[in-house]
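**Q** The chain contents come next:
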Amino acid sequence: MDAIHIYQNNYLVVAVFLALGILLPVGALTAGRLLRPYKPTKEKYTTYESGIEPFHQSWIQFNVRYYLFALMFVIFDVETVFLYPWAVAYDHLGAFALIEMGIFIVMLALGLLYAWKKKVLKWI
Amino acid sequence: MVNDLLTSPPGWIHAAIFLGLGACLLVIVLGFVTYAILAERKVLGFMQLRPGPNRVGGRFGLLQTVADVMKLLIKEDTIPKAADKPLFVLAPVLAFAPAFMVLAAIPFSDHLKFSDLSIGLLYYIAISGITTVGILMAGWASNNKYSLLGGMRSAAQMISYEIPLVVSVVGVIMFSGSLNLTEIVEGQKTVAYMFLSPLGFIVFLISSIAELNRTPFDLPEAESELVAGYHVEYSGFRWAFFMLTEYVYLFAMAALTTVLFLGGWNPVPFLGFIPGIIWFALKFSLIVFFMIWVRGTMPRLRADQLMEFAWKVLLPVALLNIFVSAVVKELFLR
Numbered sequence: 001m002d003a004i005h006i007y008q009n010n011y012l013v014v015a016v017f018l019a020l021g022i023l024l025p026v027g028a029l030t031a032g033r034l035l036r037p038y039k040p041t042k043e044k045y046t047t048y049e050s051g052i053e054p055f056h057q058s059w060i061q062f063n064v065r066y067y068l069f070a071l072m073f074v075i076f077d078v079e080t081v082f083l084y085p086w087a088v089a090y091d092h093l094g095a096f097a098l099i100e101m102g103i104f105i106v107m108l109a110l111g112l113l114y115a116w117k118k119k120v121l122k123w124i
Numbered sequence: 001m002v003n004d005l006l007t008s009p010p011g012w013i014h015a016a017i018f019l020g021l022g023a024c025l026l027v028i029v030l031g032f033v034t035y036a037i038l039a040e041r042k043v044l045g046f047m048q049l050r051p052g053p054n055r056v057g058g059r060f061g062l063l064q065t066v067a068d069v070m071k072l073l074i075k076e077d078t079i080p081k082a083a084d085k086p087l088f089v090l091a092p093v094l095a096f097a098p099a100f101m102v103l104a105a106i107p108f109s110d111h112l113k114f115s116d117l118s119i120g121l122l123y124y125i126a127i128s129g130i131t132t133v134g135i136l137m138a139g140w141a142s143n144n145k146y147s148l149l150g151g152m153r154s155a156a157q158m159i160s161y162e163i164p165l166v167v168s169v170v171g172v173i174m175f176s177g178s179l180n181l182t183e184i185v186e187g188q189k190t191v192a193y194m195f196l197s198p199l200g201f202i203v204f205l206i207s208s209i210a211e212l213n214r215t216p217f218d219l220p221e222a223e224s225e226l227v228a229g230y231h232v233e234y235s236g237f238r239w240a241f242f243m244l245t246e247y248v249y250l251f252a253m254a255a256l257t258t259v260l261f262l263g264g265w266n267p268v269p270f271l272g273f274i275p276g277i278i279w280f281a282l283k284f285s286l287i288v289f290f291m292i293w294v295r296g297t298m299p300r301l302r303a304d305q306l307m308e309f310a311w312k313v314l315l316p317v318a319l320l321n322i323f324v325s326a327v328v329k330e331l332f333l334r
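In the order they appear, the protein sequences are chains S and P.
Note that the first sequence covers residues 1 to 124 in my numbering.
Note that the second sequence covers residues 1 to 334 in my numbering.
Quick caveat, the hints were computed from the structure, so don't treat them as lab data.
A couple of the hints might just be wrong.
Far from chain P by the CB rule (all over 10 Å, computed), these chain S residues [to be verified]:
#, residue
1, Leu18
2, Glu53
3, Glu100
4, Tyr114
5, Lys118
Under the rule of at most 20 Å between Cα atoms (straight-line distance), these lysine to any residue pairs were calculated in the SDA-like manner [as the list claims (entries may be wrong)]:
#, chain 1, residue 1, chain 2, residue 2
6, P, Lys85, S, His56
7, P, Lys85, S, Ile22
8, P, Lys312, S, Val120
9, S, Lys39, P, Asp77
10, P, Lys71, S, Arg33
11, P, Lys329, S, Leu93
12, P, Lys75, P, Asn54
In silico contact screen, one side only, chain S against chain P (beta carbon under 10 Å); selected entries [claimed, not checked]:
#, residue
13, Ile4
14, Asn9
15, Tyr45
16, Arg65
17, Asp77
18, Phe96
19, Ile103
Computed from a prediction, not measured in an experiment: that's the story for all the values here.
Don't be surprised by glycine CBs; every beta carbon is placed ideally from N, CA and C.
All chains, please: the whole structure from these sequences, using the hints.
**A** Next comes the structure, spelled out in structure tokens:
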């Protein structure tokens, strides 16, 4: 029974911290509303562009390079999802699992090498 | 006390007590942020042979940050007309909430902890990733070219450095056989993991500085080219929450480094009579000082150097570290 209580309480703490993390900004900004001035002029609400008259939107299609890095991130982040349970259970799994994990990592390293060769990692 | 609370059946009273404890931690963290900013400015000042803040609150400028916060609180709040208002308002909250949430997993001493999550480390990494979304949202919602560039760069940098960061701790997990941060500290009774896994420690330290967007990796807000990066359009207290996020993460990351590599509250040999919490505070302060020191020493990297360093140097080293750790474990921990 203890284990389940610890489990439930842990996530109760997490929920409480989430609530506090949201309450502080909301509370501070609401309290700030009473303190701060409100004197809107048209110029204040323009977009800042170093003093130049703003032109065009900035909601545009963006450089594809960022997408490639995001793709790489997903691959290697999923890899760590596999690595963590293996590392936790390493003591019970022994040498065989180590070799298997070696093969797994080498295969991913080959993928990294391929991306490297294809100049995906080159930032221009 | 918390241990008793955690083992008893949960209920509304528990929620209330946790809320009180969490609020205490929040106040402590805000106090830390106030004086970390002052310490940063003071230390940087001494490194650059100038006095730093020395007017408000006596000769050490003890109330400088308090005055700054007060000023921010009474600043007018402007949201640009062209911005996407709901996202613009949501972004600081989305950036800040995870920064505070991750603190739930960190044990500060034997008795002083808020939870005993069995997946503590994974929880930290998973939750801290959400901040990237908040920053990207701020950059996008502002509808400003500088913000967009800053937000995009920030997202690219944070995801790139997250990989070496998470891979470098695999060694630590192998040594301790657990993701529970308390058990990781217990595993360092005889020797801290920074000595067993020096490679992992160095990779972790470098990537943690990059994750915090601090110099030399502060490209997202490189003021010489992007004005202020993703928060160009933010003013007053909304802006303050981005700064707060940054410094709460400094707190969290320094605490995590202490727990994972420096042995948490375990004392240095022969000095066991000093209580654990003081050891934790000392090690924690050392990490914070190191971060400030790096900021005072290193120039900012170029964007291409930054990205290539993460993928071509840190990631292969972090992967290698897994096998080095396996060897170390066989040799010393059997």
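**Q** Please go over all the hints and tell whether each is borne out by the structure.
**A** Here's how the hints hold up against the structure:
1. Against chain P, the non-interface label of Leu18 (chain S) is violated: not every CB pair exceeds 10 Å, the least being about 5 Å.
2. The claim that Glu53 (chain S) lies off the interface holds: its Cβ sits roughly 13 Å from the closest Cβ of chain P, which is beyond the 10 Å cut-off.
3. Non-interface call for Glu100 (chain S) relative to chain P: holds, since the shortest CB-CB distance, roughly 12 Å, exceeds 10 Å.
4. Remark: the non-interface label on Tyr114 (chain S) is consistent with the geometry, its nearest Cβ contact in chain P lying 13 Å away (cut-off 10 Å).
5. Residue placement check: Lys118 (chain S) keeps its beta carbon more than 10 Å from all beta carbons of chain P (closest about 13 Å).
6. Our distance criterion of 20 Å between C-alpha atoms is met by Lys85 (chain P) and His56 (chain S), whose separation comes to about 18 Å.
7. At roughly 18 Å between alpha-carbon atoms, Lys85 (chain P) and Ile22 (chain S) fall within 20 Å of each other, so this suggested pair holds.
8. At most 20 Å may separate the alpha-carbon atoms for a hinted pair to count; Lys312 (chain P) and Val120 (chain S) meet this at roughly 11 Å.
9. A distance of roughly 10 Å separates the Cα atoms of Lys39 (chain S) and Asp77 (chain P); the hinted pair therefore holds under the 20 Å criterion.
10. Restraint check: the Cα-Cα separation between Lys71 (chain P) and Arg33 (chain S) comes to about 14 Å, which is no more than 20 Å; the hinted pair holds.
11. The straight-line distance between the Cα atoms of Lys329 (chain P) and Leu93 (chain S) is roughly 14 Å, inside the 20 Å bound, and the hint therefore holds.
12. Between Lys75 (chain P) and Asn54 (chain P) the alpha-carbon distance is near 24 Å, which puts this suggested pair outside the 20 Å criterion.
13. Checking Ile4 (chain S) against chain P by beta carbon gives a least distance of about 9 Å; that is within 10 Å, so the hint holds.
14. Taking 10 Å as the C-beta contact cut-off toward chain P, the hint placing Asn9 (chain S) at the interface holds, the least distance being around 5 Å.
15. Checking Tyr45 (chain S) against chain P: minimum C-beta separation of about 4 Å stays under 10 Å; hint holds.
16. A least Cβ separation of about 8 Å between Arg65 (chain S) and chain P falls short of the 10 Å threshold, and the interface hint therefore holds.
17. Of the supplied interface hints, the one on Asp77 (chain S) holds, with its beta-carbon coming within about 7 Å of a beta-carbon of chain P, less than 10 Å.
18. For the restraint placing Phe96 (chain S) at the interface with chain P, the shortest Cβ-Cβ distance is roughly 13 Å, beyond the 10 Å limit, so the hint is violated.
19. The criterion of a C-beta within 10 Å of any C-beta in chain P is not met by Ile103 (chain S), whose closest approach is roughly 12 Å, and the hint is violated.
When each numbered hint is compared with the structure, violations occur for hints 1, 12, 18 and 19.
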